[in-house]
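Chains as they are written, first to last, in our numbering: chain C, 1 to 450; chain S, 1001 to 1463.
Hints are computed from structural coordinates only; laboratory data are not their basis.
Result set (DSSO-like, lysine-lysine): computed pairs, CA atoms no more than 30 Å apart in a straight line:
1) C:Lys89 - S:Lys1109
2) S:Lys1030 - C:Lys32
3) S:Lys1151 - C:Lys71
4) S:Lys1035 - C:Lys71
5) C:Lys209 - C:Lys116
6) C:Lys335 - C:Lys256
7) C:Lys89 - S:Lys1132
8) S:Lys1284 - S:Lys1205
9) C:Lys30 - S:Lys1080
10) S:Lys1077 - C:Lys116
11) S:Lys1059 - S:Lys1077
12) S:Lys1035 - C:Lys335
13) S:Lys1179 - C:Lys321
14) S:Lys1099 - S:Lys1151
15) S:Lys1118 - C:Lys20
16) S:Lys1118 - C:Lys335
17) S:Lys1077 - C:Lys117
18) C:Lys222 - S:Lys1268
Far from chain S, by Cβ distances over 12 Å, these chain C residues were calculated:
19) Lys12
20) Gly101
21) Gly163
22) Asp168
23) Phe170
24) Val174
25) Ile195
26) Val277
27) Lys301
28) Asn325
29) Val348
30) Lys349
31) His363
32) Leu425
Sample of chain S residues facing chain C (criterion: CB under 10 Å; computed from the structure):
33) Tyr1050
34) Tyr1066
35) His1223
36) Thr1455
Ideal Cβ placement from N, Cα and C applies to all residues, glycine included.
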Amino acid sequence: MNNMEYRDLLEKLLRESKDKMDDAETFLIKSKETEINIYEGEISKYSIAESGGLSLRGLSQGKMGYSYTEKIDETSIDMLISDVLENGKYIDDDPEIIFEGSDSYEDMDNYSQELKKIEVEDKVNFLMNLEKTALDLDERVFAVDGCSYEEFEQERYILNTKGVDLQDKFNGAVVYISVVVKDGEDTKTGLSYKIFNDFSVLDYKEMAKEAVDNAVAMLGAKSIKSDNYPIIFENKTFANLISAFSPIFSADNVQKGLSLLKGKIGEEIASPNLTLVDDPFLKGGFGSRNFDDEGTKTTFKKLIDNGRLESYLYNWKTGKKDDVNSTGNASRSYKGSISISPTNLYIVKGDMSRRELVNFVDHGLYIDNLEGLHSGLNPVSGDFSLSASGFEIKYGEITRPVNQITIAGNLFELFKNIEAIGNDLEFGIPYSGFIGSPSIFVKSLSVSGE
Amino acid sequence: MLDKKVIEDVLYAALSRGGDFAEIFVEDRKNGNIKMVGGLVETNISGRDYGVGIRILDKFNSIYAYTNDSSRENLIKVAKEAAAALNNNQMDIRLNLMKRDTSNNNPVKRHLSSVDKKHKIDLLRQGYEAAKAYDSVISQVAVNYLEDEQKVLIANSDGLLVNDSRIRTRYAIQSVASKDGEMQVGYYAPGASMGFEFYDTIDVKEVGREASRIAVTSVHADHCPSGVMPVIIDNEFGGVLFHEACGHALEAEFVSKGTSAFANKLGKLVASPLVTAIDDGTLKNGWGTTNVDDEGTPTQRNILIENGVLKSYLIDKLNGRRMNMKSTGSSRRQSYKFAPTSRMNNTFIDSGDSTLEDMIGNTEYGLYAKKLGGGSVNPATGDFNFAVMEGYIIQNGKILKPVRGATLIGNGVKVLELIDMVGNNLQLGQGMCGASSGSIPANVGQPSIRVKSLTVGGRKGDE
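Take these sequences, add in the hints, and give me the full structure.
Written out as structure tokens, the structure reads:
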């Protein structure tokens, strides 16, 4: 189906819905993906995909029902409508609304025509070079167990009976390499990844080196004596930690008593050097968008301003409860109901280089890997206890590698313990929002090891 | 689900530019989800996943394509696009698709979609009320009802044509306990490959009370001390330790490339002789049970480790080629959007002779991990980590006090050797396992076991 045919389908679905419900909204996602994997100089896996999903939600007697299908054609219309009516009957939570649209939306273009033009051959050659370079860099490189290029493209349509008629698209790509190094029985892994929409910025030599260096540097790693240590978190590693805790900023969790930020607006919740923003307009940000999944214009906001909690993230349902407007953070998949997520969420950078931060530490740890972010961490309580690895810092210098340790603490205590913030803002792989952080120096955290 | 002639045409198109094997995977799945938060039905969604995956193998390499549009015209177009990645001539292949019957490992009495939503919501309410009433410190309860009915058709150029139907339901409760500005969570979520009769086999009120009991225990608990100590891991979901620490490293995806710690170790002693571990994809109505795997191979009971000796890996077709070994019926995928690979079904450590009381009684100082949360592993290094959801300190052979916030870390190869007691109380617990072919339902399991020494990450100085 082409663009016009999709629109015709959505309009027909809305017309037929309108006969049976008070208001209705259609949400359509179309995605395309290509993935190339290289192993030992051959294309070991090549994937192409085109898929999507169509969702209908509708209000009837003040209750919102949802349904969806991946069989996107006219034969699905009756099922979508009858399921919405049936599912809505049982809802007894506060009513959701269908939004009438914002007055205006920022101009934005998140689609790179250039990226689309890159030939498959160029991508394959890049990966071949990346793998070969990594294998040749150091004789301890035992295998390249992941070497891939993934390109994605997504189109989004929101049409409703209140007049919202929005459509956008974005694309991007990720290159990834993971290496295994061995020195006798000692095995370590290292990786490098880049998310981009400008292929020309990629440098396979730099990526191969980063992955191999990361792995080789960990050879001979040992645990460290259990104690409290000052800790410097590598930028992307801290971004991953913030990402796992990002549900605490959702007004939905706050209202349900699932966030300790409840009732803390205006209060000091972090060190005065910490400012955390949600910026949907960040240039090159993979969470950038000018309207959210309810069709509301997005807005720039500070969640934490110099240590003070300024705002939660809202959609319309939670906004109504607190008598505020949506902040433009409604988020959903076609399979789910409206929820909340950040756009580009990041800690505003400070002015010290990583090197300067390390120089501050007499005896501590530089942590560049955290594992178990989806199990060893509790966004409700803020408690975390995570498997970690990195390096020992002695007299302001990075020394030996450290692994088989855990670091433990509570996010809210950690926020207050931030001593200094680096100037090296970096972003992780977007999952629920695009999350970034500079390197972060934390006064003290509990480390268990030997 | 798809006409035999269309399937044949698609397979021919897939092999039009070379390749030695082609496969088509058609999926039609109905999902339902009802969520109750704070006693109110907040979400009620149903929907249909529908699509087709086409795979071409060429020796050790693969091409994968998927689409939602199952018209003959589009499928042939997609198959040809996929084939275009190869540059060879068509091999002489003559298709003769033979419909194969399967056993029925998951008998179903009441189809989930045939049951009125009122009944399902009534179940949510019963669980909610029991969880909420458990203790006055319970501040929030969320209950989730999930159902899914997945129909698949798998056909390939070896002549296979098979249908399978997988019906699953799960009931999950999360309770939150709050005290003095702190919050702790308890979670319990049984499930099975069964129809609505599953709810005759469990007591949803008991599920609610169990989730609340864990939350209440944690909110009254001190921070866990850190250190290296003996750890007793209780049965049921404690089996996630074996799943993460060893199971993943036995998957052919890692073994075939030599990056698994267990590569080239078949027939060798890799664990304490007390350990026998099994992956059984045929377990009746098991959460991870199917009749055939997602390549159409019948599932089977695979003994992975017998009395400490490595007996088998978990193998799919593609990785099996690299290893020169046959599929063990272990190829799985979340949906048509994923190429299948070697995965676990229902994986567990088998029963031994000890009792939990013996284990605790024989431990001078250590941790009793009654409930584990999730965990993860790096299959190349074997380094793993787990969260302990409910834990207790043992002193002088007795349970001293509950502790919270503990994490267990270690190495898979080493931990298997350090198991020094295996209990007689095998039970299975349900989880969702995430890896390269997506998120799939899998049972983990074990009797209570004791690991002689393990690093426990807690918070020192808070004792």
